[in-house]
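6 protein chains.
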Amino acid sequence: MFYHRKELQFEAMPEKPNPVFAKMLQEVIGGQYGEMSVAMQYLFQGWNTRGNERYKDLLMDTGTEELGHIEMLATMVARLLDGAPIDEQEKAMKDPAIGAIMSGMNPHHAIVTGLGAGPENSAGVPWSGGYIVASGNILADMRANLNAESQGRLQVARLYEMTDDPGVKKMLSFLLARDTMHQNQWIAAIKDLEAKEGVVTPSTVTKDMEATEFSYKLYNFSEGEGSSQLEWMDGVTPDGAAEFQYESTPKAYGEIPVLNPAPKYMHNTLPNQDK
Amino acid sequence: MFYHRKELQFEAMPEKPNPVFAKMLQEVIGGQYGEMSVAMQYLFQGWNTRGNERYKDLLMDTGTEELGHIEMLATMVARLLDGAPIDEQEKAMKDPAIGAIMSGMNPHHAIVTGLGAGPENSAGVPWSGGYIVASGNILADMRANLNAESQGRLQVARLYEMTDDPGVKKMLSFLLARDTMHQNQWIAAIKDLEAKEGVVTPSTVTKDMEATEFSYKLYNFSEGEGSSQLEWMDGVTPDGAAEFQYESTPKAYGEIPVLNPAPKYMHNTLPNQDK
Amino acid sequence: MFYHRKELQFEAMPEKPNPVFAKMLQEVIGGQYGEMSVAMQYLFQGWNTRGNERYKDLLMDTGTEELGHIEMLATMVARLLDGAPIDEQEKAMKDPAIGAIMSGMNPHHAIVTGLGAGPENSAGVPWSGGYIVASGNILADMRANLNAESQGRLQVARLYEMTDDPGVKKMLSFLLARDTMHQNQWIAAIKDLEAKEGVVTPSTVTKDMEATEFSYKLYNFSEGEGSSQLEWMDGVTPDGAAEFQYESTPKAYGEIPVLNPAPKYMHNTLPNQDK
Amino acid sequence: MFYHRKELQFEAMPEKPNPVFAKMLQEVIGGQYGEMSVAMQYLFQGWNTRGNERYKDLLMDTGTEELGHIEMLATMVARLLDGAPIDEQEKAMKDPAIGAIMSGMNPHHAIVTGLGAGPENSAGVPWSGGYIVASGNILADMRANLNAESQGRLQVARLYEMTDDPGVKKMLSFLLARDTMHQNQWIAAIKDLEAKEGVVTPSTVTKDMEATEFSYKLYNFSEGEGSSQLEWMDGVTPDGAAEFQYESTPKAYGEIPVLNPAPKYMHNTLPNQDK
Amino acid sequence: MFYHRKELQFEAMPEKPNPVFAKMLQEVIGGQYGEMSVAMQYLFQGWNTRGNERYKDLLMDTGTEELGHIEMLATMVARLLDGAPIDEQEKAMKDPAIGAIMSGMNPHHAIVTGLGAGPENSAGVPWSGGYIVASGNILADMRANLNAESQGRLQVARLYEMTDDPGVKKMLSFLLARDTMHQNQWIAAIKDLEAKEGVVTPSTVTKDMEATEFSYKLYNFSEGEGSSQLEWMDGVTPDGAAEFQYESTPKAYGEIPVLNPAPKYMHNTLPNQDK
Amino acid sequence: MFYHRKELQFEAMPEKPNPVFAKMLQEVIGGQYGEMSVAMQYLFQGWNTRGNERYKDLLMDTGTEELGHIEMLATMVARLLDGAPIDEQEKAMKDPAIGAIMSGMNPHHAIVTGLGAGPENSAGVPWSGGYIVASGNILADMRANLNAESQGRLQVARLYEMTDDPGVKKMLSFLLARDTMHQNQWIAAIKDLEAKEGVVTPSTVTKDMEATEFSYKLYNFSEGEGSSQLEWMDGVTPDGAAEFQYESTPKAYGEIPVLNPAPKYMHNTLPNQDK
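Residue numbers (my numbering), protein chains in the order written: chain L, 3 to 277; chain C, 3 to 277; chain U, 3 to 277; chain A, 3 to 277; chain Y, 3 to 277; chain X, 3 to 277.
Since the hints were derived computationally from the structure, they do not count as laboratory data. Incorrect hints may have been included.
If several chains are the same, the list does not tell them apart, and a pair holds so long as it fits within one copy or across any two.
Listed below are the simulated DSBU-like cross-link pairs for lysine-lysine, each with C-alpha atoms no more than 30 Å apart in a straight line [what the hints assert, rightly or not]:
1. K219 with K193
2. K8 with K18
3. K172 with K277
4. K8 with K171
5. K209 with K96
6. K96 with K8
7. K209 with K193
8. K198 with K18
9. K266 with K198
10. K171 with K219
11. K266 with K277
12. K96 with K193
13. K96 with K18
14. K172 with K18
Predicted model, so just to flag it, every value in this text is computed and none were measured.
One chain only, chain L, in its complex shape (with noise of 0.2 Å):
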């Protein structure tokens, strides 16, 4: 069950409006790695964690802070858009800043949304429930956190850099430092499950069930030999239990694959009908 307090985490306040890097700010809302994405991939992790509280707590923690940072972006690109001259359009063209301006502004922000943001990306695309994962399995979960947060934490480094307005940048500096924090603590997380499991997940694979002979090579599927000159490759792999072998010409170990003709009641065609 959730509340809701109405001041933002952290001031979200631009110097003045800019509706094209209120378009670039949606990566962050609804993009791949936003804030979206975030927020509901915690919660639903949070939600199917069966018999570990602790890790579920965490997981609810951030994933209710992400929700608002959605909120804090939401009102900044709100504020970017303020009076944003998109009516009249053909007078406007004729100046090309404001030409710029409309040509570089996400339509919707105008059309759709009226002067707000949107659950969507900085192309316009909607965020899709297809972009998070919550397995059951802690590890590969944290590994996706991970993953989240350094993507979007580069993505908001990106942000910093294209625009010079102070307020913007004092709100991407917050959301840096909280993406730093995020870092830190699933890699703290994955260092405790590994030392507890094992670094390859699932650590409940028998060794029965895997064709062990294949696990520890480094196949050169693509000619050149640079992979193997990487330093690492001359030791003992991660998980301890061999050293990284490289195998400079794969082999094949299949056959050739022939399939049957499909029953007739299918229409695909014959066989043999290339000859």
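Since the structure of chain L is provided, determine the placement of chains C, U, A, Y and X on it from the hints.
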């Protein structure tokens, strides 16, 4: 530039057909973490690499291998669909065993692909480019890759448990092994990059860009203090820069946001219609 | 800024597992009119509100409640999936009852989420930001909200009829009640706003913007005059501005459109290739 | 069965081309609330109607008209794209006016459709069947229809403000008028049905199905009591069954959910890995 | 402008309900090659036609007919769903025949559409504007149309085999016939246009635009020389300009690409982190 | 199984960067008819082939080549993005030339991919598995392939006209040539298969399955008789079985459909609520 060899990388021969399991297997072909995802993710990452040619080679090696995994799985799906009893459904439905098969099949396998695999997941949702990422930041991307191999291996393990066909199990045991290797290699790469750059990515964010007073606090946004009791909470953060801090009652640092009214030409609701 | 409390808003405890019904319930989590939709719709509407703070508060109250409904439903789905018999499918399929379960489950519940809920509908299609709207016009949005609660309550009523598990029915009876409240509150808000602005939205369209001679005619584009016999057709329009008119044989007011040829550099078909 | 007449329902002739506005207009062709949505929504509702033939006729009348609106808009888009200066972009970009046009166009209009309209919105996102609903409950669907016409008319009004081309304005003034009619007719239908069935839909939910003690309370999930001050909060609910109640501090009626561990064959994280 | 007539173009009356087959039929309503696709594809092509009015008329004739096919199929789906036994599922699942029906139905038919058709395919994935094309080049588009009618007729043939309901078969036999006509007409149009323009489209590409030394070679990128043994490989190309050439070992004409490092403000990985 | 060679199949070196054109080029990477589509379409068709190994080889040859085309285009996009001026946008926007670039870029190229290509089209919409088909019927699929190469070559020709960069033009001239070859080869294959099977596919539909009285009539559903004047309308149908017939006023062969009321547990509107 790519070349194709007709032999499969590994055998893909079920003992007998099973159209319901063919539907399930689609998850690891065209699902969020299926082979299409890892193939395309690694290849786009490789193509976008700027100036780290050994890692580019590693990405191209692995992405190219994954193309062969789609092939293996597609072959397996086609064989599991051999002779599926899909004609004269009404008659068939009277036999409960056949009824369950017909109810449990992916209808696309019968109607669209003619007993072949398709680029979609186990629910029949088409593969989406929105599943993958290639960011230009190799550490961030390696974490995406480790995530993909972790979720992917978990899904393969579950599929392994769901079948008792020795041929299917054999192929899945090969995929489990390759995912072990790929987890190991991405972990090794991550360690290598973290040693050079630090664990928080992107490492090129300078201190003046980040509001570091917020970089190490866990905010307790979900009541209950379970997360504070995680063992690692009581120590140094993985980036070595601080100790984890815990804020039991998170404060708001922002104010209650009030937005300006929209210009009249937006036809938004005028202010004070709620009084 | 949001806070989370661990208790559910209402109980979510089925009498016994039912993996097929777990699939059905996904519709009201991640479907077009599920709880993700209403939560996100109300929150985005709230965040985008410009100058009607009481309605903003109402939206935030309700959107925040809906987040808790996702949680309740996700918990119920997880419990309906408890111990689902998904291993060794082939054996299982020989028992028709189990066969029907396995055929009727959402494969994602087994392979992807590990017996948990996901952000998708009853067919396994991921939730999309394209389902929702926040337009900046509160009357328009309240109609979107009433629509969502009407479709949503209808779906919950159907799900209620589909089960005989008393625990599931109990939770659904709570959701039916909350949807009753939400329909009532949006209807009251709509009446309030209509009283102030008029029933046709946006009310700020001036008469010179609209070709009012076309504003009150029902055109009989489908042969048969049933629509003209609807009782209300014989009276004043709800906006009070006119009487409904009925045009039995709709006229064309435009001409046959003929488009100019494309410039040569478009490589469209040249004119007169059809002669 | 449908017939087509070559004349447009109304004129669609701009004074001069404007490729950027052509992009904007796509919103009301293939956006969430564009003409494709209303056409398909009304037609599917009509086709699914079971035993209310006058409403079915009304739906078919209106849905068929909307098909003609797609046509009008597609014609307008094609004319706004006439002779768009899309060759030799580099040269063109040196002229800022042309640069802004090229930057502001939908690239699909140049590359994919050859200066014609496409089934997509103003951001280039393809139309989705997920936008529409046909539920079999006419009151619920009429609310969906009123919502669609409200959002749609709002978008047309905004587009009207964005242009000063008299030909475009003329066509949009016609669409504003038709949306006025369609709002009026759906409102009248809603009133008619509400008078017969009551305002809460579906009206066939019996009292024993609903936990009516929760049917009339507004829960204050967002701090601040603005919503309680809305005038209508102090009165009878629109369904006439009760008075609105306000709960300032919403209680939890459920317990803290704890889920059972997953079976071993799911390879979820085992319990107590967080200690 | 469109008109609707209430009669169906052809009968759509099954002998008895069959909810599982109703799910299957959705493929030819809202699938990639269903009637929504051909209707919208032909209509958009017609609307975008610039100066070939006879072909435009042909497209409008056929697109308008296809609208009536959606109607026929939607009617059939509604009747196949008549009285589907979807209440009290748990009880029902004990009867294996009913269990198989409930497992095999599209849940949307029960929960969302109220026993009616929806704009989605047989897996429940919503129809997408991304399925269709209208390019402005009529020869290219006629090939798209022939493709659509070929895939569509194949799917109808498969559905015909899957049922033994004489009423369903009758309707499908009509659709098979119409697809025969539509294949014939698009083939005739293609021949007509190829005779005027040549077979390679767009025919307006001038020789200086094309690297013609690469225009007639089959590159053997998949080992094994089966393709070279296709009879037609040993002859003149269909455009009459050359003979097919076969290159057994395809050469690379480009170099190994090395990309420049990204500017610092992109926060990509710096060069040489792999050493 | 695939192998990768580092050299590009052809050069991909622009004379100078052009971030707006980089956005445009995405259409032929990840658009409906881009290289991802043809690669995946041909490979899935090859993998699904049952018993026509020469055509399978042809499909694998061509699909594998197309993988190399994605690579070429991705490389070109990366180079067109070299040093894109995306920092400190506000300053930049004051220079109209830079303003137009920033407005015209795909924001993903800056924020998400770090100056690299992504799996999406020119509007930023992710590639979808719903674009492609592999049906098991080779004639049908060859028509899909010819369609793809026709639309694809048209798009490349348009892109060629849009640039004056000699390096970009050179690469596009290579792609035009390869598309010429691929159109030729699919046309030859189609002719070959049509000669063996007949032109109407699937050819295995027996006469008793088809209502042949409807197989050769053009119905004039769009007023005006232009289509009847197409020259080929006056002759034998391409399948040689009949002459084209033209029905000026298409009849309805079905009746007005009236559906049964839904069972009460569906909560649909009861019959006769419209009276």
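*asked:* Tell me the numbers of any earlier hints that the structure contravenes, in ascending order.
replied: Structure breaks hints 3, 6, 8, 12.
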